[in-house]
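A.B. asks: Chain residues, written in single-letter form:
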Amino acid sequence: MIIANTLADGFVVFLTEAHSWTNDITKGAVAETDEQAESLLTAAKQAEQTNVVIDPYLIPINIEDGLRKPTEYREYIRATGPTVPIPS
Amino acid sequence: MYRYDEFDARLVTERVEQFRRQAQRRLSGELTEDQFKPLRLMNGLYLQLHAYMMRINIPYGALSSKQMRQLAHIARTYDKGYGHFTTRQNIQYNWIQLKNVPDALADLAAVEMHGIQSSGNCIRNTTSDQYAGVARDELEDPRVYCEIIRQWSTLHPEFSFLPRKFKIAVTGSPNDRAAVKLHDIGLRMHQNEQGKTGFEVIVGGGQGRTPFVGKTIRDWLAPEHLLSYLEAILRVYNLDGRRDNKYKARIKILVHQIGTDEFRRLVDTEWQQIKDGALNLPQSEIDRINAYFTPPAYAQIDDETESLNEQRTQNPAFDAWVQANLAEHKVSGYSIVNISLKSPKLPPGDVTAVQMDALADLADEYSFSELRVNHRQNLVLADVPQKDLLSLWTKLIELDLATPNIGLISDIIACPGLDYCALANARSIPLAQEIHQRFQDIDKVHDIGELTINISGCMNACGHHHVGHIGILGVDKRGKEFYQFTLGGSSDQNASLGDRTGKGFPADEAVNAVEKILNTYIMVRNDGERFLETYRRVGMKPFKEALYGSA
Numbered sequence: 001m002i003i004a005n006t007l008a009d010g011f012v013v014f015l016t017e018a019h020s021w022t023n024d025i026t027k028g029a030v031a032e033t034d035e036q037a038e039s040l041l042t043a044a045k046q047a048e049q050t051n052v053v054i055d056p057y058l059i060p061i062n063i064e065d066g067l068r069k070p071t072e073y074r075e076y077i078r079a080t081g082p083t084v085p086i087p088s
Numbered sequence: 001m002y003r004y005d006e007f008d009a010r011l012v013t014e015r016v017e018q019f020r021r022q023a024q025r026r027l028s029g030e031l032t033e034d035q036f037k038p039l040r041l042m043n044g045l046y047l048q049l050h051a052y053m054m055r056i057n058i059p060y061g062a063l064s065s066k067q068m069r070q071l072a073h074i075a076r077t078y079d080k081g082y083g084h085f086t087t088r089q090n091i092q093y094n095w096i097q098l099k100n101v102p103d104a105l106a107d108l109a110a111v112e113m114h115g116i117q118s119s120g121n122c123i124r125n126t127t128s129d130q131y132a133g134v135a136r137d138e139l140e141d142p143r144v145y146c147e148i149i150r151q152w153s154t155l156h157p158e159f160s161f162l163p164r165k166f167k168i169a170v171t172g173s174p175n176d177r178a179a180v181k182l183h184d185i186g187l188r189m190h191q192n193e194q195g196k197t198g199f200e201v202i203v204g205g206g207q208g209r210t211p212f213v214g215k216t217i218r219d220w221l222a223p224e225h226l227l228s229y230l231e232a233i234l235r236v237y238n239l240d241g242r243r244d245n246k247y248k249a250r251i252k253i254l255v256h257q258i259g260t261d262e263f264r265r266l267v268d269t270e271w272q273q274i275k276d277g278a279l280n281l282p283q284s285e286i287d288r289i290n291a292y293f294t295p296p297a298y299a300q301i302d303d304e305t306e307s308l309n310e311q312r313t314q315n316p317a318f319d320a321w322v323q324a325n326l327a328e329h330k331v332s333g334y335s336i337v338n339i340s341l342k343s344p345k346l347p348p349g350d351v352t353a354v355q356m357d358a359l360a361d362l363a364d365e366y367s368f369s370e371l372r373v374n375h376r377q378n379l380v381l382a383d384v385p386q387k388d389l390l391s392l393w394t395k396l397i398e399l400d401l402a403t404p405n406i407g408l409i410s411d412i413i414a415c416p417g418l419d420y421c422a423l424a425n426a427r428s429i430p431l432a433q434e435i436h437q438r439f440q441d442i443d444k445v446h447d448i449g450e451l452t453i454n455i456s457g458c459m460n461a462c463g464h465h466h467v468g469h470i471g472i473l474g475v476d477k478r479g480k481e482f483y484q485f486t487l488g489g490s491s492d493q494n495a496s497l498g499d500r501t502g503k504g505f506p507a508d509e510a511v512n513a514v515e516k517i518l519n520t521y522i523m524v525r526n527d528g529e530r531f532l533e534t535y536r537r538v539g540m541k542p543f544k545e546a547l548y549g550s551a
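Protein chains in written order, with this note's numbering: chain A, 1 to 88; chain B, 1 to 551.
Hints were generated in silico from the structure; no laboratory data involved.
A few of these clues could be false.
[As the list claims (entries may be wrong)] Listed below are the simulated PhoX-like cross-link pairs for lysine-lysine, each with C-alpha atoms no more than 20 Å apart in a straight line:
#1 B:K80 - B:K99
#2 A:K69 - B:K480
#3 B:K516 - A:K45
[What the hints assert, rightly or not] Below, a sample of chain B positions facing chain A; criterion: calculated Cβ distance under 8 Å:
#4 K99
#5 L346
#6 P430
We put the CB at the ideal spot given by N, CA and C, even for glycine.
Generate coordinates for the entire structure from the input sequences, incorporating the hints supplied.
C.D. replies: Shown next, in the form of structure tokens:
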């Protein structure tokens, strides 16, 4: 999947099949081949050029029980938010 | 406290408008991220793991109640309703949106606050003793010199692009609460043989991946020469500090590579050129700044020994708080109250907007409308009449701000770690909370006594792990979080760097390792001996055996 931050608000987003951006990991596009990954990255770099997002890159994910989970824990925390509750 | 004059006010307001235009140009695509990044960093705006993060300076940790209310407003209006006080006496917001930053900065400017030089390779917020001006052991108020340094270093044209960031700390007490030996420059006020107060100048201290305790390059410097001498140090560093390698660019590496004597010689040579010139600090200027720090109108009252003792006897929870969280005030009838930001419920240093507003009210009611932030991520009400302590404590309880643990095991420094930080390799906050949970028993906590546990989520050491009595460094080992331990670190006047125990522990064994270290301490300590003293007496061996076996 492609992960990035939006320029205007900075929040973490994923690239969709339609080449739009979503905060919802379940709506992001999953590349299953190198070619698909390359094509997603090209679209993401375009969005970086047009100042929609910052620093998009590919992350590997596993699909566990139908849920998408980034394989590296750094990216997992980045995708799902802090592992401690937000103070309230 | 210091109030902006017309120059400060204009500078900060102009900067807000400048940044507003820069942000607009970035959002419209006129500026690329590469062009914009240095501009946003100059105003304290980072891009972190989940979002932008905005760091706001709190000069030497001093806050008015009005400023605290504005920090609450920022948290509520532009963020997710909380802020994080840092080990550099600043505050960070974790969820700020770029499009809102100019408005947030304008709101901050209205209360004389900003993020200028809170990032980048420049002179950062000068930090100090949180008990400045009220400590019983103090020679002179260090805030006066912090403010003079702030004015000198703000937008100093020659030092805007140093090889790397630069941090200065000042203490006016022999008991160092500002960690001056762990800064690029540490200034310790003391008296010379003639009884005149001046500065011991310490350079090249620091943590990060190559930690050093600072070296003294001048035993005593007269206050009138403070700025010219600092300028000479900065010039030598600016010219000779390495710029080829970010990890070798701090002044500590330069001092280490050329040696303390050679560094002192270079500084003295430079100093001779500028000494007694425009940077001389006449007494009139010191007095002018000193006037901003005139003590508040204390009432003439005696210490409340009897009534306070009675309240403590009647209420063991109040007694535990008084014992742990109060410090001696220089004026009779008053106490310094430490407010712990290390409750089991919130990450170390985090405060909600509701708490901030309430703290501002408490400062108005009990402490001349001022608060301080310390480098251990706690807050201080510096001037509380002892007759009001019980009433203050009752209100702090309601706010979950009365945790009685200052200087004890659960008063843990922890950086934001991988829960927030883009640089981190491992998480810090969950481990701090787990340690806090494990050591809940108040009798055991008091039995262990004075102890600092400092946790960093990467080797940049924002969590000061090198100088924790027990230091914990989170690392990534083949895709898993591991924690390495150091023992025997200290950031006080007898500063020392901790020694590595050996190999690290996986996340689920880290708290057990802390417990093994403390059980060993309890076994081998002498009567009344603190953890640090025991470690310095017996060394690593028994701790190593407890952690790894005696093979």
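A.B. asks: So, P430 of chain B near chain A? Judge it on the closest CB pair being under 8 Å.
C.D. replies: holds, 6 Å
A.B. asks: Does the CB of L346 of chain B sit less than 8 Å away from some CB of chain A?
C.D. replies: holds, 5 Å
A.B. asks: Does K99 of chain B lie within 20 Å of K80 of chain B when you go C-alpha to C-alpha?
C.D. replies: holds, 15 Å
A.B. asks: Measure nothing beyond the straight line between the CA atoms of K69 of chain A and K480 of chain B; if it is 20 Å or shorter, mark the hint as holding.
C.D. replies: Holds - the C-alpha atoms of K480 of chain B and K69 of chain A are around 15 Å apart, at most 20 Å.
A.B. asks: Closer than 8 Å between Cβ atoms is the bar; does K99 of chain B clear it against chain A? Give me holds or violated.
C.D. replies: The hint holds - K99 of chain B has a Cβ within 8 Å of chain A, the shortest such distance being about 5 Å.
A.B. asks: Next pair to validate is K516 of chain B with K45 of chain A; report whether the Cα-Cα distance is within 20 Å.
C.D. replies: At roughly 51 Å apart (the allowed maximum being 20 Å), K45 of chain A and K516 of chain B break the hint.
When each numbered hint is compared with the structure, a violation occurs for hint 3 only.
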